[in-house]
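Residue numbers (my numbering), protein chains in the order written: chain A, 1 to 331; chain B, 1 to 319; chain C, 1 to 450.
Think of the hints as simulated: they come from the structure by calculation, not from any bench.
Incorrect hints may have been included.
To be verified - Computed from the model, here is a short list of chain C residues facing chain A with C-beta under 8 Å:
1) Glu-124
2) Gln-128
3) Val-258
4) Ala-274
5) Gly-303
6) Phe-307
7) Ile-310
8) Thr-316
9) Leu-383
10) Phe-386
11) Leu-436
Stated by the list, open to error - Listed next, with one range per pair, are the computed distances between beta-carbon atoms:
12) Thr-167/B to Lys-117/A: 55 to 65 Å
13) Thr-309/C to Ala-70/A: 29 to 39 Å
14) Ser-8/A to Val-88/C: 43 to 53 Å
15) Pro-156/B to Ala-165/A: 18 to 28 Å
16) Ile-146/A to Ala-93/C: 35 to 45 Å
17) Leu-252/C to Ser-29/B: 51 to 61 Å
18) Ala-165/A to Leu-252/C: 28 to 38 Å
Said to hold, decoys possible - Only part of the chain A face toward chain B is listed, based on derived beta-carbon distances under 8 Å:
19) Arg-141
20) Asp-143
21) Ile-166
22) Pro-178
23) Arg-181
24) Asp-191
25) Arg-194
26) Leu-196
27) Asn-199
28) Val-200
29) Met-205
30) Gln-206
Model, not experiment: these values are computed from the prediction.
Think of the CB as a built atom: it goes at the ideal place given N, C-alpha and C, for glycine as much as any other residue.
These are the residues of each chain, in order.
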Amino acid sequence: MDILNLLSGSLQQALGPTAVVYALAAIGLNVQFGYTGLLNFGQAGFMAIGGYFMAASVATWGLSFWVGIALGLGLSVVLALLLGIPTLRLRADYLAIVTIAAAEIIRQTLGSVTLLKWFGGQDGLINFQRTFVEMNPFSSRVDLGIVAWRPFDFWLLFSGWILVAIGVVVVWLLMRSPWGRVLKGIREDEDAVRSLGKNVYSYKMQSLIIGGLFGAVAGFYVALQHTNMNPTWVATDTTFFAYTVLLLGGAARVLGPVVGSIVFWFLITFLDLFFGILTRGADPFMPEWIMTNQQASLMRLIIMGLALMLLMIFRPQGIFGDRRELAIDAR
Amino acid sequence: MPADTTAPASGSEYVDRGRAAEARKALASVEHEPGAPKPDPIVVADEVTRQFGGLKAVDVAHVEIQRGAITALIGPNGAGKTTFFNLLTGFDRPNTGRWTFNGKSLAGMSAYKVARLGMVRTFQLTKVLAKLTVIENMRIGATGQSGESLARAMFPFFWRAQEKANTERAGAILQRFKLDAKRDDFAGSLSGGQRKLLEMARALMVEPELIMLDEPMAGVNPALKQSLLGHVKSLREDGMTVFFVEHDMDMVRDISDWVIVMAQGQVIAEGPPDSVMADQRVIDAYLGSHHDQVLDFEEEEKILQEAQEEHVKNEEEAQ
Amino acid sequence: MRVRQSSAAALVLMTLFTVLGISGNAQAATPPATVATSADDDTIDVKGKLVDTREKPPAPVEGVQISVEDDAGELVGEATSDADGLFVIPLGADIDVVGETYTIKLDESTLPEGTELRNPDQVELERQVKISADISVTFPIGEGTVGTGWAVRALQLGVGGLVFSLLLAMAALGLSMIFGTTGLTNFAHGELITFGALIALFIDRLPGNITVGGMNITMVTAIAVAMVMSTLFGWAQDKALWKPLRRRGTGLIAAMIVSIGLSIFLRNLYQYFAGAANHNYSQWTSPSPWSIGPVLITPKDVGVIIFSTIVLVAVTLAIAKTRLGKATRAVSDNPALAASSGINVDRVISVVWAVGAGLAGLSGVLLGMTQGFDYQIGFKILLLVFAAVVLGGLGTVWGAILGSFIIGIFIEVSTLVVPAELKFVGALLVLILALLFRPQGLLGRAERVG
Ligand SMILES: Nc1ncnc2c1ncn2[C@@H]1O[C@H](COP(=O)(O)OP(=O)(O)OP(=O)(O)O)[C@@H](O)[C@H]1O
Ligand SMILES: [Mg+2]
Chain A
1 MDILNLLSGS LQQALGPTAV VYALAAIGLN VQFGYTGLLN FGQAGFMAIG GYFMAASVAT
61 WGLSFWVGIA LGLGLSVVLA LLLGIPTLRL RADYLAIVTI AAAEIIRQTL GSVTLLKWFG
121 GQDGLINFQR TFVEMNPFSS RVDLGIVAWR PFDFWLLFSG WILVAIGVVV VWLLMRSPWG
181 RVLKGIREDE DAVRSLGKNV YSYKMQSLII GGLFGAVAGF YVALQHTNMN PTWVATDTTF
241 FAYTVLLLGG AARVLGPVVG SIVFWFLITF LDLFFGILTR GADPFMPEWI MTNQQASLMR
301 LIIMGLALML LMIFRPQGIF GDRRELAIDA R
Chain B
1 MPADTTAPAS GSEYVDRGRA AEARKALASV EHEPGAPKPD PIVVADEVTR QFGGLKAVDV
61 AHVEIQRGAI TALIGPNGAG KTTFFNLLTG FDRPNTGRWT FNGKSLAGMS AYKVARLGMV
121 RTFQLTKVLA KLTVIENMRI GATGQSGESL ARAMFPFFWR AQEKANTERA GAILQRFKLD
181 AKRDDFAGSL SGGQRKLLEM ARALMVEPEL IMLDEPMAGV NPALKQSLLG HVKSLREDGM
241 TVFFVEHDMD MVRDISDWVI VMAQGQVIAE GPPDSVMADQ RVIDAYLGSH HDQVLDFEEE
301 EKILQEAQEE HVKNEEEAQ
Chain C
1 MRVRQSSAAA LVLMTLFTVL GISGNAQAAT PPATVATSAD DDTIDVKGKL VDTREKPPAP
61 VEGVQISVED DAGELVGEAT SDADGLFVIP LGADIDVVGE TYTIKLDEST LPEGTELRNP
121 DQVELERQVK ISADISVTFP IGEGTVGTGW AVRALQLGVG GLVFSLLLAM AALGLSMIFG
181 TTGLTNFAHG ELITFGALIA LFIDRLPGNI TVGGMNITMV TAIAVAMVMS TLFGWAQDKA
241 LWKPLRRRGT GLIAAMIVSI GLSIFLRNLY QYFAGAANHN YSQWTSPSPW SIGPVLITPK
301 DVGVIIFSTI VLVAVTLAIA KTRLGKATRA VSDNPALAAS SGINVDRVIS VVWAVGAGLA
361 GLSGVLLGMT QGFDYQIGFK ILLLVFAAVV LGGLGTVWGA ILGSFIIGIF IEVSTLVVPA
421 ELKFVGALLV LILALLFRPQ GLLGRAERVG
């Protein structure tokens, strides 16, 4: 019985809105890192820009939801330009450090008391989802046997997976074109591509922008999912999780982020529920001195950290990756 | 030393259209002096200098490269040849200097624009795109692809025909370079010599006017070398200008119409292969510089060795 | 998703984030402000000690009224300083209080005859409760420093910045040396910092005190043990993880991502064992400041400045002068050449890891001493360490130190004009702007192409 609960609970998360958010964020990273080799460690910053400006447009400035969406997308393009201009000419690790720093700048600034009246400080913003709720065609609980969702959650994940599907198709179309070939060339050796007369800087910028747009959409979803936008959703670890999702599914593979996100959230939830069961109640399975209920909630992150390391060391091409590519990866 | 410089370029469809004779004739009247003016220069460089800390890696007062000829750039290790290539093609920025390509000033121009103008280079350490197949490596070289713009990329309708034409051209070049069997392999799986070939073939996809090869023969086996020599000569027959760096004197002697010698950043001699190689300045530069080089290296080694010994001693004392 | 209730409210808050963090793990990044906690109770107090710094040793000032108001202007609590100059005003349970902002006011009319605030502008202090920790405030009392407010404040902040810079420099030096010799951008460097702080906490929490001739040397021992253990940790980490990865020929970007995994792993392991609470060491908790000229400085800070300066000078001298130091630089310059000339590159890297981790661990203990810490103190300052190293020039020794001073002092002094909560933002912006104009960092070298 517990086993069934465990599995259905995990499946619920694996298909739920959270998986949508991370699939979207990871599709963006796939364009940037997987195909172009750009180490954007600031995906959380793009999510913040998307989520916050969508939310603030409605909740603070009283604009329409769609203006908020447009603003979020527009500003994430601006952010990509601002980040790209100083760093895209530099080595990969510089971009990593600058983007991670920028994401933290954005998070701390948007969550600050100084901007409290616009962005709600640490509590963040609420009451911005009305338009989205009104569009919901589902009025009753959706029950698929082992998993079931409230109508709002189902609307979230339904619309979310549609967006993910669109994203996947767009990426697939782009990456099989000569444009995508230039990106892949840049990932392999940008000087070589430059010597063939391609404007590498411009391509990197386009890639950064496209990936950032996916980040912004992930930001919309994270805000809608929690009906609240606050700094917690866009911490540095959010980006790291998205990378784990991408690497799990396989970078530079069109479906990598989707598969990765589903598997990731299945495993994470499974571990969480599993250790929760082991330690719950007055007389837990696991003796208190080994693991308390508090500590149990950390197990999934401990294991995740370990898994990311092992994955990168032993299967850098992801769980379903291509062996052929690995063979030539001996750098 | 040079036993059979007259051996035919085997293995390639080298068709003599008389361009070699033409180029040599044009250069016959040129002085054998550093910086000598050429009758029809494609590249003219003046006062180009590049400093790394205290070291003046490149200090070229004046140099011209004749159009339609094969010009070799030789010099001891560390003479500044690669750096000079980098400067000319926009991969590095000089401290001073100006240079033109077809009369157009290139100073400050970014590398990709230089390539688009028709001045394409290869690298001493090959840069193949490892996780792309050989044919994709070739296709990426083609210029003016409409499918490379983001707006059209998603709609194959815009670029399919062009892609097909490029693929055909790429196939033909691959065949010429004997790489057609490797067409669908990852470039990363090629051998060192094959990579050199692929890089050269890819540069040809750009349809350059001037092709600059940085040590195209390094690491290539003698048999393959012969056919590569043929390729290079056939480039001249196709109307291209070739400017290449090479340490292999046989090759230099065999294919070049003109030789420029660099040492310690400066152009110290110019002339046809035979006269240059007999030039006392050149011999001095090679031997002298070579001598220095060895000393430098030994010195460095000695210091490092001492450091290591000291370390070991300290360790022993500590125990 | 489940939210659990817990008796220890401090834990609730952190786990709340962690549990909710099912879609994004949270850490309320807390700038290391002057925060101090007492025991692990769940009420948060505002506390402080009023002393007249003209006396030597500083004399307690009794009978001064202090009041606290919340951001709506409501009075939260009042207290009068006791015979030791101490005052404590409880704010409430931390679950209610964290995130709120309070104004702490001193009633100047209750100051004894002949004493004034040294900075008359500072009768009110605004503080935000960022984490579950008591707030300690100081109202320096002495001669009024009329008209010099701005300059003195800048100087005072500069001193705070100096302390932070030195600690940052120790952490940055390790990161930069490891990058120089191995090319690894180590995102788990913050966990080396936390490791030192936690080891020292472990020693500190052992029952009883360690005394020599009646002198309590618990903390001194803790620092020493933390340094040794950190050194060992760094050495072992290289041996067990990084060296095998180098052998396998793992790419630099792959290694960077491995370090991210390691960071997540260690950080949560630390929380597993140490909990999410804020910790303080038992010794040297509330020293009264000395005044040097117009500047106030605690003896602890002076100790930290002297000690870390000695350590930094010793390490940089060792790098500059010893054979091993020279070998290290040779490896940084060109590993292949160094190897071919008989230097045991692996050995050099081993030493660099050990020394780098030892420095990071030391910086962690000292950081914990000056401002209290929790299981992610290293992660919180990691970005600043990166900023320092990149600003100075990745892989350079002097660059790391120079960058640390610029970042450390900028962070503090910038609060003259920017709100304190945004001081990290300012420092990170400096980093980005600096890269615009000098991508290789202040003391770095440009790379070779082709
Ligand atoms: N980025 C750089 N930083 C510092 N020194 C450099 C850099 N690039 C080149 N040099 C130095 O400039 C000098 C010229 O180097 P370059 O690579 O141009 O020589 P080269 O003539 O191509 O030699 P080789 O025949 O061995 O390829 C060398 O002493 C080299 O060490
Ligand atoms: Mg060279």
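Evaluation of the provided hints:
{"no.": "1", "hint": "Glu-124", "result": "16 Å, violated"}
{"no.": "2", "hint": "Gln-128", "result": "6 Å, holds"}
{"no.": "3", "hint": "Val-258", "result": "5 Å, holds"}
{"no.": "4", "hint": "Ala-274", "result": "11 Å, violated"}
{"no.": "5", "hint": "Gly-303", "result": "31 Å, violated"}
{"no.": "6", "hint": "Phe-307", "result": "29 Å, violated"}
{"no.": "7", "hint": "Ile-310", "result": "30 Å, violated"}
{"no.": "8", "hint": "Thr-316", "result": "23 Å, violated"}
{"no.": "9", "hint": "Leu-383", "result": "6 Å, holds"}
{"no.": "10", "hint": "Phe-386", "result": "5 Å, holds"}
{"no.": "11", "hint": "Leu-436", "result": "4 Å, holds"}
{"no.": "12", "hint": "Thr-167/B to Lys-117/A: 55 to 65 Å", "result": "60 Å, holds"}
{"no.": "13", "hint": "Thr-309/C to Ala-70/A: 29 to 39 Å", "result": "54 Å, violated"}
{"no.": "14", "hint": "Ser-8/A to Val-88/C: 43 to 53 Å", "result": "51 Å, holds"}
{"no.": "15", "hint": "Pro-156/B to Ala-165/A: 18 to 28 Å", "result": "20 Å, holds"}
{"no.": "16", "hint": "Ile-146/A to Ala-93/C: 35 to 45 Å", "result": "41 Å, holds"}
{"no.": "17", "hint": "Leu-252/C to Ser-29/B: 51 to 61 Å", "result": "54 Å, holds"}
{"no.": "18", "hint": "Ala-165/A to Leu-252/C: 28 to 38 Å", "result": "35 Å, holds"}
{"no.": "19", "hint": "Arg-141", "result": "38 Å, violated"}
{"no.": "20", "hint": "Asp-143", "result": "38 Å, violated"}
{"no.": "21", "hint": "Ile-166", "result": "12 Å, violated"}
{"no.": "22", "hint": "Pro-178", "result": "4 Å, holds"}
{"no.": "23", "hint": "Arg-181", "result": "5 Å, holds"}
{"no.": "24", "hint": "Asp-191", "result": "6 Å, holds"}
{"no.": "25", "hint": "Arg-194", "result": "5 Å, holds"}
{"no.": "26", "hint": "Leu-196", "result": "5 Å, holds"}
{"no.": "27", "hint": "Asn-199", "result": "5 Å, holds"}
{"no.": "28", "hint": "Val-200", "result": "7 Å, holds"}
{"no.": "29", "hint": "Met-205", "result": "11 Å, violated"}
{"no.": "30", "hint": "Gln-206", "result": "6 Å, holds"}
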